[in-house]
Structure formats: structure tokens, C-alpha cells
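Q: Okay, here's what each chain looks like letter by letter:
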Amino acid sequence: MRNDRNSFTLRLLSTLFVILAINFFLPRMMPGDPFTTTSADEAGEDIIVMTEEQRLYYMNYYGLDRPLYEQFLVYMKNLMTGNLGRSIYYKMPVSDVILLHLPWTVLIVEGATVISTISGVVLGTLSAKNRKNGSDRIMMTGMIAFAEIPSFLLGLILLLIFSVHLRIFPLAGAITPFSDYNSLAEQARDILYHAFLPVVTLSLSQLTGVYLLTRNTLITVTTKDYIRTARAKGLGEKTVWTRHALRNALLPVVTRTGFMIGIMMGGVVLVESVFSYPGIGMTLRSAVIGRDYPLIQGILLVIAVSILVCNLLVDKIYGKLDPRVVV
Amino acid sequence: MIKDIAFSENAGILSFIRALNINRSNRINRIVSIVARPFSKFSTEGKIGILGILCIILMAAFAPVITIYPPQKITGNSLEPPGPEHILGTDELGMDIWSQICYGARMSLTIGLAVAFTAGFGGGTLGILAGYMGGHIDQALMRVIDVTMSLPGFPLLIVISAFLGPSILNVILVLVLFSWAKPARIARSQTLSLKKNNYIIAAQNYGAKPFYLLRKHIFPEVMPVLLVLVISISSHAIIAETGLAFLGLGDPTSKSWGMMLNHATGFKSIYFTPYWQWWLLPPLFMLIFLLLCLAFISRDMERILDPKLKMKKGF
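Read top to bottom, the protein sequences are chains B and Y.
Throughout the first sequence, residue numbering follows this note's numbering, covering 8 to 334 in sequence.
Throughout the second sequence, residue numbering follows this note's numbering, covering 8 to 322 in sequence.
Don't read these hints as lab results, they were simulated from the structure.
What you were told as hints is all true, and nothing was included just to trick you.
Distance condition first, Cα-Cα at most 30 Å in a straight line; then the derived DSSO-like pairs of lysine-lysine:
hint	chain 1	residue 1	chain 2	residue 2
1	Y	K223	Y	K203
2	Y	K80	Y	K275
3	Y	K54	B	K139
4	B	K98	Y	K275
5	Y	K216	Y	K203
6	B	K84	B	K323
Given only the sequences and the hints, what does the whole structure look like? Please build it.
A: What follows is the structure, encoded as C-alpha cells:
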């Protein structure tokens, strides 16, 4: 088992390395180099062509004449010190741009994680209890159909229904622009009001996974001997379900929650674009449109690292919760 | 198992199976269930899925016949509501939306199928070869698969397509790069367990060459599983292409459904005008319909392939 867990960490590290390598080599794979651009926007404008000497000087200045592995080491060193380069569009360090937008993304992703986990477990338990009735089958079919709709299309539907048609929720943004808040509660209300639809979208798209997992583990668990023993002892149905069955069925849900955050970090880019929600996903979209390469790379790195960290955390927490895993 | 086959309409295959070793009847039974009587085994949802997909394929194939206007030509006024002239109205440049939907189906289907078949069968072949050969090659491939599967697919997809530039070929290549790992892994594990079967060892002892074994015994066995995967990969590919196009990273010269969404949501006052009703809704509904059909089919095929799964999933 221990060996297995070591290889898990190793896998995460090699994944991180591959992402860094892609991030590093992609710009260098593009045709041309920064010093051969000689375009002139208007006719008659002087085209500055560098002499060979100047070109060599700048190549040396930016360290582009050094061997590739040395450049890679420098790149890694910069990353370690949190230097992600400068955004072309925002004219400030990439790390600052990301820090400015990351809280919004964290807010909706965390909100969606909590909501979908809780409601998934509740619905899954209900479904498992009523396994023999028709209500379970209806719920199953509905949930499975829901799971197949990608989150951003779902978001678009919700936006059209609630913001465009019914006009209950805002169309865009995370706060009402130019508003003064009298109290902290009012500000919190405004933020929740704006975050509502994105959170619901993300939760709905993740709900089915938790629901199915809870339902299926519960069904397996309730056939176990200790459940029969608990019933034989004369414990009430409620105690049997919550203290004996659900407690054991929740273990895989914990793992699922961690991976869910990873999946959502990928989907959040599109969901934020749908709701024009100013998190890092929306920033990524505008960076893509504006071809702001350093920013694109920085955001990719942040998303990738947060996914890997989540996976690592899940692995650790799982070891704590289930003593059988760590031998 | 035998009784099950006896109900098969196909008497020719039936006698063929009886003539064969009992050991193999399970395998052939599965293939028969996929090839010889495909439709009757599907549930209602699966049948709806197949009919839906057929409709979309027909729509894509006969796009020039069922539309009046070419999709990329200005044929009417800007933002005309649906009417007798233009069935679904026009977009902001005056292009017919119904034509765009029909021609856009080609785009989604092409990308879905191209990615799914390349990744599914390419990855599957790699997995079979690695599983069959074993040793260092197998180990190396497993490491690569592990890493590929834990890469954050969609964010990386965005970055790579942003750098490589938008073209259909690039999108397909990148998508293949991210979806070959799963079929490879499953094909490998299937091959590993197959290799230990008596009939394969027997064939080997009779002097069967590796290529013959792979072609005659292993590939037909792994095939049905790959087929299910191909469907799920194609729906993933369609989602990814739509997502990329929605972000503005699609091929600008093509009119896929994702591009239509991108154009419509990019239009400044789309939500404050009634235009979204005929500009945004049709591609949205078509995409969801297509994805649901694919999902129904793949779920049903999984169920047909593996009766044990049916119990587990509670159907």
C-alpha cells in the first residue's frame, strides 16, 4: 500500500512536470522569434530592422541564446519565486492579475462543492431508501439525463430562463457596479445574489455523480451483516441509516468531492464565460481573445496546480478517515 | 447463455457457434448481441437515441437538399425573425439560421467521429500491443497513460489551441492527444486477462503467430468494449469542440454549433432583445439533443455488454 501511495505522489509530480514543460515549450514552438517582427502598421512608417549585432545583443539580454535546458532552469527558478511574467493586456504582473480574480472562482467552486455534496448525499439516501418504489427510477433517469448536459450549456439555459426571460437574477458580474453598501450584510447579500446562478449551474452538473455514488454505496452497505445486527439489536431505522449505513457510505463521497473540484476547475472557465463572472475563467477567456500569452500560461498553471493539490489532499484525508488504507 | 443464443433470429450464426468450442461461446455471444440483433436489445431510451442520431446524420448528409440558402451567404435582412422566407430567421449578418444548423451538424459529427475513431482505435491498438508484449514497453506506456489521464484536459486544450491557432485539424489533433489514454488502458487490461485464457494458450501451442493471435482472438474480443468507448469519446469531443468554439477558439471559417453560440452570445445586446429566441436557442437545443442521444446509446451498449453493470447501476 505504501508503495502505491508513493507512486501516486510520483504521478502527480510527473504530471506537474509535463504541464510545466508544455507551458515552457509552447511559445518556443511557435514560428519566428521576438526579434524578427518587422511589421509596420501604417504605410510610410519606418520599418525597424535590427542589425545582426543588435539582434545578438538582445538575444543575449533576454537569455535566449543560452541552451534550452538552461532557459528551462531559469524558468523554473522564476516560477519558484512566484514570478509568472507580465500580462500584456493588464500591464501588471500575471500573479497580481490572478490573485485579483481567483477569489471569485474559489467562491463559486467551493459553494458548488458544498451544495452538490450535501444535496447529492440527501437525494442519494432518499433514493436508496425508496429503492423499490417508482420514485427512485424516475429520479435516476432524470439525474442521468442531467449529467449528460455539459455545465456551460446548462448555465446558458438557466441564464436564458432566469435572467433573460424571468429577469430574477443578474445577467453578468459578481457585484452590482458602483454600489455603496450600508452594511456588510448588504454586501454579502449582493455577492450571493450574483453568485447564485453560477453556483447552481456548477452544482447541478456535479450533483449526479455524488447522487449515484451515495445511492450505490448505500445499497451495497445495507446488505452487510452489521446492518442486520444493528437492526437485530433493536435500533431505530433512523439510527441504522445515519449512524451505521451512511457513515460508511460517505467514505467514497469524500474522494469524489476532491476530484469534483478538479473537474469543476476545468468547467468553470466556460461557466464563468456564460455568466460573465469575473473569476479566472473569464480572465482566461479575455486573455485568449486578446492573445495575452503570459496570462494564459499563468492561469493554466494555477488551475493545474490547484487540481493536483486537491487530488493530493483527498489522498491524505482518505488515509485519515479510513484506517484500512494506511497499513 | 446457450438458451439466450437460441432465441437469436440468425440461424446461420447459431449453428456456427454450436460448432465451436464451448469456451468461446461467451465471447461470440457478446459479438452476436452487438452485430446480429442490435436494435431489439436496446431499451426505449436507446432506441430514441439511435433514431435521434440517425436524424442528425441525415440532416448533415442532406444539408444541401433540405436547405434553400447556403449557410455562409447573406440572403436576407439582418436579424429577421422566423418566417416563411427563413424558417428559423437570420443572424446579425443576414445568414439563414436553419442552413447554419444543418451545415453545423456536419462539423460536430465530423469532429466527434474523427476524434473518437482515431483515439479509440489508435489508443486501443496501443493498449493491445502493450498488453500483449508486456515488459518494459508495457510499463512505459502505463506511466504515460497515468500522466495523460491526470492532466487537466480542458484548460490545457484551451492553451494549446490558443498557441497553435484555430483550425479544425488542430482541434482534432489536440483532442485525440487527450482522449487516447482511456481506451488504451482498458484495451490493455482486457488483453492481459485474455492472454491467460486456455483457448489462446492452446492456439499459441499450435504455433499461432502473434499477429494471427491478435487479429483472430484478441482484437475481436476487445472490439465491443472499444466501440462503447468510441461513443463516449465522441460525445466528449463534441463537448470540447463546442467549448473551444464558444470561447472563440474554433475555426473561424467554419460554422459549427459552438461557433453559432459564440457569435450569438458575443452579440452586444443579445439578452435585451428577442433575438436570442431564434439565434441562441436552436444550436443550444441541437447540441443538448445530440449529446443526450449519444449518452442514451452508450449507456444501453454498456448494459448490453455487461449484465453485471446493469445490477450495479440499478437499471
